[in-house]
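Asks: Below, each chain spelled out in residue letters.
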Amino acid sequence: MLRVELEGIALQVGRGSRLAITGPSGAGKTTLLRRIAGLAQASGRIECGGEVWLDSVARTDVAAERRRTGFLFQDYALFPHLSALANVEFGGASRPAAQALLDRLGIDPATAARKPPTLSGGERQRVALARALARDPAVLLLDEPLSALDPRTRARAARELHATLAAVDAPTIVVTHDFEEAATLGDEVAILDAGRIVQQGRASQLAAEPASAFVADLTGAVVMTGRARAAADGLTVVLLDGGGHVLSTDEADGVVGVSVHPWDIALADSPPEGSTVNHLEARVDSITTIGNRARIGLHASQPLTAEITAASALRLRLEPGATVVATWKATATRLVPL
Amino acid sequence: MTSIAAQRVHSGWFTALLAAALALTLLFLGLPVIALFVNVSPADLISSLGDSSSVDALRLSLETSAIALALILLVGTPAAWTLATRDFRLKPLLVTLVELPLVLPPAAAGIALLAALGPHGIAGGLLDDAGITLVLTTAGVVVAMVFVASPFYIRQAQASFEALDPRMLEAAQTLGAPEARRFVRVALPLARNGLLAGAALAWGRALGEFGATLMFAGSLRGVTQTAPLALYERFATDFPAALALAAVLVAVSAAVLIAVKLMTRQEPHAASRA
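Protein sequence lines, in the order shown, are assigned to chains A and B. Residues in the first sequence are numbered from 767 upward in steps of one, following our numbering. Residues in the second sequence are numbered from 16 upward in steps of one, following our numbering.
Hints were generated in silico from the structure; no laboratory data involved. Please read these numbers as outputs of a predicted model, since none were measured by experiment. The hints are all genuine.
Interface residues of chain A toward chain B, partial, derived using beta-carbon atoms under 10 Å:
#, residue
1, E831
2, R832
3, R833
4, R834
5, F837
6, Y842
7, A843
8, L844
9, F845
10, L848
11, F856
12, G857
13, G858
Where is the CB? At the ideal position from N, CA and C, for every residue including glycine.
Using the sequences and the accompanying hints, generate a full structural model.
Replies: Right, dumping it as structure tokens:
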């Protein structure tokens, strides 16, 4: 069990569980990992597996080399003058143990004999992971483990990393700027903003019930702004800044953020029947097809994004400049504080 | 259009200026070295090497400069690491002190050494009690060499350690390596090229040491008369022999410089972050 109590941050990660920390750049994600590892000054309390690593009150501050952390650096920081195998052995693992670990991660002995500068990005990432795991760490800290990879290998590397981490018993913290990646890699996701954790929970829970417009935006939801007041049938109506209105089943009053997920937005030629269905007339700004999905950039009174099947995009004959009606249910509309 | 044409003219005369500056530099630095070899016939070279006093002087130079270099590496490397990795209040003063011999006139360095370590120097009594005599001894030659040459190495070593990617040392730290292990297994191999270059500079300076050696250790044949001192003695009485000795010194120095260049060319570790 890892317990971290620093200013603005209280975390607990149990054995075998994984916490993903995400937030915008400059939120302090890397600094938090460095503080846990003892590479950066901190004040508060850090405890891992019954050992106290940091206690500002008792003036305890265990040196980084004596905290048993497995640290995966953002650009991997492999020793360029040592072979991949020697890199893994550096932390004290025996040669057979190091090679067995590399084998498990798909690095064969011939590749393991090579020096890091000659390896591909994916190979370097797995060698660095093996190196961090080789010393049997009490806590595993991964700083943007996938950001140095090119976008095409990233999704596969994310699934492989998830499988590898599932077999790790040590409490694990993964830092990433990408919410989807955080959702894939962590059992729970914590959102960090300006050095403070603003919300923590399961990824699905954060997406469904964002505590603020900031969190909603980070989870990839569309966020619009407006003024809420009570409406008929216990619903809330929000008059959007710039014109138009939407209904929500959430309760709110005054200035609010309206959050809706792109995949909950449907597009049509004409306004739908039934008044409880939200609909906004919008201009098509951009169309990005990703496999069988299409992301449609729209501009109503405020910008929004819809995600529909590529087939419907074709059927609707969408093209930049065209006018469509974006619709979604009042039940899919979250009202969040700004 | 006119402005582009004007710029071309401008860059034309500037390129010519740069080429002229480079040509002048090459001529000025190269001519004396070439003249040396033009003036020395192979027969002179061989006969000068047959002269036992020249050979003694060369051997003494190589031995003392090798010992001086070993001492500089052994003590200077950890000292440079300390200066590179720690911050303390008197550090700027200390760094200036380390660099002082770089700008000190060698004769002044010799006097300073006498004042410190000579028979009547401030530490002379201590050395005397320990049974150590430096003045007019081979050990004195080594002391003079270390004094004038070590700053060349320490400065370069400190800069090389400071230029290391801090993430490398942090990675070693998270892998449980205490400082001694980080120094030996990570810092030394990664700073290798810079350390070698610094060592070559320091060795070259030690090999050429003249003023401080003369003042502190004297010029006794076979004991303290290094090649530069022998060369100076010869120059008044036997110019061709002096030329031959100079040619040998140039050849040895050039060989070391080329060897270091070859050793540092391979394995550019620094490119690892790309």
